[in-house]
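Per this note's numbering, the sequence shown starts with residue 1, numbered consecutively.
Some clues are possibly wrong.
[Stated by the list, open to error] Cross-link-like lysine-lysine pairs, in silico, DSSO-like; alpha carbons within 27 Å at most: (1) 289 to 324; (2) 324 to 356; (3) 243 to 324; (4) 386 to 328; (5) 289 to 243; (6) 328 to 356.
In short, the hints are calculated from the structure, not lab data.
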Amino acid sequence: MCGILGLLDLNQPVATDLYRGGLALQHRGQDGAGLITFDERFHRHTGLGLLNEIFRFQNLEKFPGSLGLVQLRYATAGEGSVEEVQPFTLTFPQGLALVHNGNLTNDPALRKLLGQRGYRRVNSLSDSETLLHVFADALTRNRALELTGLPVPIQRSSDNEDLFEAARMTMMTCQGAYSVVMLVADRGLLAFRDPHGIRPLCLGTAPGRFAFASESVALDVIGLELERDLQPGEAVFVDMEGKLHCRQLINPKPAHCVFEYIYLARPESVVDGHSVSEVRERLGQCLAKRCTRRQEIDVVLDVPSSAEDAAITFASASDLPYRKGIRKNPYSQRSFIAANQALRAGMVGTKFLFEKRVITGKRLAVIDDSIVRGTTARRLVESLRKQGAYQVFFFSASPPVRYPCVYGIDMAVSSQLAASQRTAEQMAQDIGVEHLQYQSQADMESCLPGLPLCTACFSGEYPTDVNEEELAHIGEARAKVSV
Numbered sequence: 001m002c003g004i005l006g007l008l009d010l011n012q013p014v015a016t017d018l019y020r021g022g023l024a025l026q027h028r029g030q031d032g033a034g035l036i037t038f039d040e041r042f043h044r045h046t047g048l049g050l051l052n053e054i055f056r057f058q059n060l061e062k063f064p065g066s067l068g069l070v071q072l073r074y075a076t077a078g079e080g081s082v083e084e085v086q087p088f089t090l091t092f093p094q095g096l097a098l099v100h101n102g103n104l105t106n107d108p109a110l111r112k113l114l115g116q117r118g119y120r121r122v123n124s125l126s127d128s129e130t131l132l133h134v135f136a137d138a139l140t141r142n143r144a145l146e147l148t149g150l151p152v153p154i155q156r157s158s159d160n161e162d163l164f165e166a167a168r169m170t171m172m173t174c175q176g177a178y179s180v181v182m183l184v185a186d187r188g189l190l191a192f193r194d195p196h197g198i199r200p201l202c203l204g205t206a207p208g209r210f211a212f213a214s215e216s217v218a219l220d221v222i223g224l225e226l227e228r229d230l231q232p233g234e235a236v237f238v239d240m241e242g243k244l245h246c247r248q249l250i251n252p253k254p255a256h257c258v259f260e261y262i263y264l265a266r267p268e269s270v271v272d273g274h275s276v277s278e279v280r281e282r283l284g285q286c287l288a289k290r291c292t293r294r295q296e297i298d299v300v301l302d303v304p305s306s307a308e309d310a311a312i313t314f315a316s317a318s319d320l321p322y323r324k325g326i327r328k329n330p331y332s333q334r335s336f337i338a339a340n341q342a343l344r345a346g347m348v349g350t351k352f353l354f355e356k357r358v359i360t361g362k363r364l365a366v367i368d369d370s371i372v373r374g375t376t377a378r379r380l381v382e383s384l385r386k387q388g389a390y391q392v393f394f395f396s397a398s399p400p401v402r403y404p405c406v407y408g409i410d411m412a413v414s415s416q417l418a419a420s421q422r423t424a425e426q427m428a429q430d431i432g433v434e435h436l437q438y439q440s441q442a443d444m445e446s447c448l449p450g451l452p453l454c455t456a457c458f459s460g461e462y463p464t465d466v467n468e469e470e471l472a473h474i475g476e477a478r479a480k481v482s483v
């Protein structure tokens with residue numbers, strides 16, 4: 001998972017709005033950030049850490065141009081070095097810059113093929129750089145078709161068909177999840193989404209302005225209206241005259257990541273036609289409907305902040321009081337997306353502040369969005385006990401996470417998933433609570449009516465062809481980062 005934003009403005013430089021929009025997507029990645037603009041040449045700066053830290057001493061006027069990209073990195077593979085921070089750039093066959101949200105499941109095979117052919121070399125461990133090379137290869141010559149064995153030559157014309165054909169060949173070649181925005185020097189912005197639409201990507205417009213973003217909240221901040229979401233398998237190009245060109249390149253097989261709604265996205269966002277906050281409210285209502293301990297609960301608390309909407313509706317539907325007994329330290333970061341387990345454990349200890357008068361002597365219903373590794377839940381329950389909680393009943397707005405995610409969320413190592421080998425009763429004992437209730441998968445899916453979902457982390461059913469070798473490789477790559 002990363003946050004990406006691309007912007008074209010026919011009237012003024014884009015750097016300031018890229019920065020402002022990037023801040024609205026900071027929740028999607030805190031390991032690093034990068035920004036690039038184009039004005040006869042690329043102007044690029046990247047770094048490790050938060051966006052405001054990286055650009056604290058940078059004058060945005062040094063990033064001229066009406067075209068630009070920004071990325072907020074959430075490392076799920078690689079070494080976590082600044083060399084792996086996007087945007088990535090190439091100058092052949094023309095100036096290209098790329099930001100990518102997702103994960104390629106066949107990255108090793110693509111690197112091997114590109115390396116065997118000798119004229120393209122991926123320098124970093126990032127699959128995003130691999131993706132850029134695959135696209136550039138398709139744009140350059142018919143030999144790119146060797147990657148798929150298709151005999152059809154790339155068609156070039158004056159109406160940007162070369163870009164669409166290169167995007168189509170990239171979709172035919174790359175497997176996994178990828179939402180992509182590319183800056184094409186002197187030509188415009190190109191965005192495309194994998195045939196399953198696993199990761200979000202939306203289009204925003206205003207007079208003379210166009211943007212592609214991971215979430216609509218970034219569009220709100222910079223004053224653009226959400227036009228629509230890109231369809232799975234679709235590419236959209238906006239040229240330097242402000243004309244939109246849209247192509248459905250691959251037949252869509254939608255499988256949108258349900259974890260975006262549970263945890264990843266901002267509650268203010270609308271993702272694939274569904275309000276994130278509204279989905280979370282429904283999740284809370286479903287939890288309340290199945291709750292068998294209502295008479296034993298004094299007060300409902302949420303684990304801030306992605307569980308807040310679910311907790312409020314859980315309390316309302318259960319006719320129970322809701323209180324802010326747990327508050328988030330405003331200077332802490334999201335512990336789930338921390339780079340490794342040691343950082344997560346340390347961050348959890350400073351992440352929460354407690355309202356003792358709400359907790360002491362009470363029987364608490366604690367609502368969280370999910371339980372992945374159990375780190376947050378375990379440490380949180382310990383803290384609640386220290387604050388004098390009499391009993392703790394824990395409710396997860398999602399089903400148990402039992403299977404690795406290979407599409408760009410930091411859940412790729414099976415041994416780190418707390419519920420992978422445990423029952424709900426065993427999990428309750430492990431995190432130290434009187435009772436643990438998970439959301440059922442059927443109830444979770446009912447909260448997103450009509451939307452085809454990827455639920456692989458709960459069901460083990462992957463929308464793409466993923467073999468055991470690829471699962472092992474992705475898990476090993478993530479384990480190196482998580483140490």
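Hints, one by one, checked against the model:
1. A C-alpha spacing of about 22 Å is found between residue 289 and residue 324, which places the hinted pair at or below 27 Å, so the restraint holds.
2. For the given pair, residue 324 sits about 10 Å from residue 356 by alpha-carbon distance, which is consistent with the 27 Å threshold.
3. The straight-line distance between the Cα atoms of residue 243 and residue 324 is roughly 48 Å, outside the 27 Å bound, and the hint therefore fails.
4. For the proposed pair residue 386 and residue 328, the alpha carbon gap of about 17 Å is at most 27 Å, so the pair holds.
5. Taking the CA atoms of residue 289 and residue 243, the gap is near 49 Å; set against the 27 Å cutoff, the hint is violated.
6. The straight-line distance between the Cα atoms of residue 328 and residue 356 is roughly 14 Å, inside the 27 Å bound, and the hint therefore holds.
Checked against the numbered hints above, the structure violates hints 3, 5; every other hint is satisfied.
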